[in-house]
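Make a model of the complete structure from these sequences and hints.
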Amino acid sequence: MSTTKDTTLQSDITKFKTESDGSFKRADASFRNIVEKGGKFEPEQNRYHLYVSYACPWATRTLIVRKLKGLDTIIPVTVVSPRMGPHGWPFAQVDPFPAAGEDPIYKSEHVKDLYIKADPTYGGRFTVPVLWDKKLHTIVNNESSEIIRIFNTAFNEFIPEEKAGLNFYPENLRPEIDALNEWIYPNINNGVYRSGFATTQEAYQKAVVEVFDALDKVEKILTGKDYLVGEKLTEADIRLWVTIIRFDPVYVGHFKCNIRTIRDGYPAIHKWMQKLYWNSSAFKDSTNFEHIKTHYYWSHISINPTRIVPVGPIPNILPL
Numbered sequence: 232m233s234t235t236k237d238t239t240l241q242s243d244i245t246k247f248k249t250e251s252d253g254s255f256k257r258a259d260a261s262f263r264n265i266v267e268k269g270g271k272f273e274p275e276q277n278r279y280h281l282y283v284s285y286a287c288p289w290a291t292r293t294l295i296v297r298k299l300k301g302l303d304t305i306i307p308v309t310v311v312s313p314r315m316g317p318h319g320w321p322f323a324q325v326d327p328f329p330a331a332g333e334d335p336i337y338k339s340e341h342v343k344d345l346y347i348k349a350d351p352t353y354g355g356r357f358t359v360p361v362l363w364d365k366k367l368h369t370i371v372n373n374e375s376s377e378i379i380r381i382f383n384t385a386f387n388e389f390i391p392e393e394k395a396g397l398n399f400y401p402e403n404l405r406p407e408i409d410a411l412n413e414w415i416y417p418n419i420n421n422g423v424y425r426s427g428f429a430t431t432q433e434a435y436q437k438a439v440v441e442v443f444d445a446l447d448k449v450e451k452i453l454t455g456k457d458y459l460v461g462e463k464l465t466e467a468d469i470r471l472w473v474t475i476i477r478f479d480p481v482y483v484g485h486f487k488c489n490i491r492t493i494r495d496g497y498p499a500i501h502k503w504m505q506k507l508y509w510n511s512s513a514f515k516d517s518t519n520f521e522h523i524k525t526h527y528y529w530s531h532i533s534i535n536p537t538r539i540v541p542v543g544p545i546p547n548i549l550p551l
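Here my numbering = 1-based position in the sequence shown + 231.
Rather than coming from a laboratory, the hints here were simulated on the basis of the structure.
On a predicted model such as this, the values are computed, not experimentally measured, just so you know.
Virtual Cβ for every residue (Gly too), placed ideally from N, Cα, C.
Some hints could be false.
Claimed, not checked - Beta-carbon label-pair distances, calculated as ranges:
| no. | residue 1 | residue 2 | range |
| --- | --- | --- | --- |
| 1 | Ile-539 | Arg-405 | 40 to 50 angstroms |
| 2 | Thr-304 | Thr-430 | 29 to 39 angstroms |
| 3 | Pro-391 | Val-440 | 43 to 53 angstroms |
| 4 | Pro-541 | Val-325 | 18 to 28 angstroms |
| 5 | Pro-401 | Leu-551 | 19 to 29 angstroms |
| 6 | Gln-276 | Asn-489 | 23 to 33 angstroms |
| 7 | Asp-495 | Asp-303 | 34 to 44 angstroms |
| 8 | Glu-273 | Arg-538 | 37 to 47 angstroms |
| 9 | Lys-365 | Pro-391 | 18 to 28 angstroms |
| 10 | Ser-376 | Trp-509 | 18 to 28 angstroms |
| 11 | Pro-550 | Lys-271 | 43 to 53 angstroms |
Following this line, the structure appears as structure tokens:
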């Protein structure tokens, strides 16, 4: 299945470049189609397939919304192995790992095989999540923020009324949600990566301070509240939560985001995170700490050349 073209610049994390000042810049996603009636990608049952990693926060967003909306019966999912090597994300047939699966459609060895099938000239990174169209044999979308909006509304006709009625990006809250996303994404979601992948002291220090300044801001917003916006669960919560759940197990140590931990430094954020995890199977079942910890500590050999995966924190998440 694998291609002969050298794609390691697109798949090997050790070859990703930082900027001349040592800072890390994330590339934009490339496949940005939507699922809509009358469009190239029509809403249909069992036409689409989702490829994800439990380790990846962006992919986990899509798993959470898929489960919350009851799309698990309509859009099957395949989970890759967390051990990302020179060829990127592997499927279980080349890297068997607990809870990882084989590609049921094409028996691909790596996620990169799907990208090359969709576009043999593709020059971007081989990322997850991937929303795949089984009818046209191509990638619909690989941008998680757009996939969760597709899941939010595109398949409502096929799901029970109470699930169709759930709206995580409601019209009246959009300005507030957008305003939060605008600073939470660069400073927290991507901020931890900007800290972890920085290659100069200056770039790291700038990024890590921005992470904690933004967390301080979130702590104020969540004090006395269960949700970020409008007293209900929205995509703003889902997008932030996937980073917060990984914070103490991975980002504190591996990405040097160690000014404070969530459990000891941010009581309101911590309680919000715990409630979503322990009270909602969509959040809990989308979280696999073994995949999360193995991926970061095993795959990023420029940061952790020994590939030793730490034992702690114990527990990964505290009981409510």
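Comparing the hints with the structure gives:
1. Ile-539 to Arg-405: 40 to 50 angstroms: With a Cβ separation near 44 angstroms, Ile-539 and Arg-405 satisfy 40 to 50 angstroms, so the hint holds.
2. Thr-304 to Thr-430: 29 to 39 angstroms: violated (45 angstroms)
3. Pro-391 to Val-440: 43 to 53 angstroms: For Val-440 against Pro-391, whose Cβ atoms are near 46 angstroms apart, the range 43 to 53 angstroms holds.
4. Pro-541 to Val-325: 18 to 28 angstroms: holds (26 angstroms)
5. Pro-401 to Leu-551: 19 to 29 angstroms: With a Cβ separation near 27 angstroms, Pro-401 and Leu-551 satisfy 19 to 29 angstroms, so the hint holds.
6. Gln-276 to Asn-489: 23 to 33 angstroms: Cβ of Gln-276 to Cβ of Asn-489: about 46 angstroms, so the range 23 to 33 angstroms is violated.
7. Asp-495 to Asp-303: 34 to 44 angstroms: Holds, since Asp-495 and Asp-303 (Cβ atoms, about 35 angstroms apart) stay within the stated range.
8. Glu-273 to Arg-538: 37 to 47 angstroms: For Arg-538 against Glu-273, whose Cβ atoms are near 44 angstroms apart, the range 37 to 47 angstroms holds.
9. Lys-365 to Pro-391: 18 to 28 angstroms: holds (24 angstroms)
10. Ser-376 to Trp-509: 18 to 28 angstroms: holds (26 angstroms)
11. Pro-550 to Lys-271: 43 to 53 angstroms: holds (47 angstroms)
Taken one by one, the earlier hints fail for this structure at numbers 2, 6, listed in ascending order.
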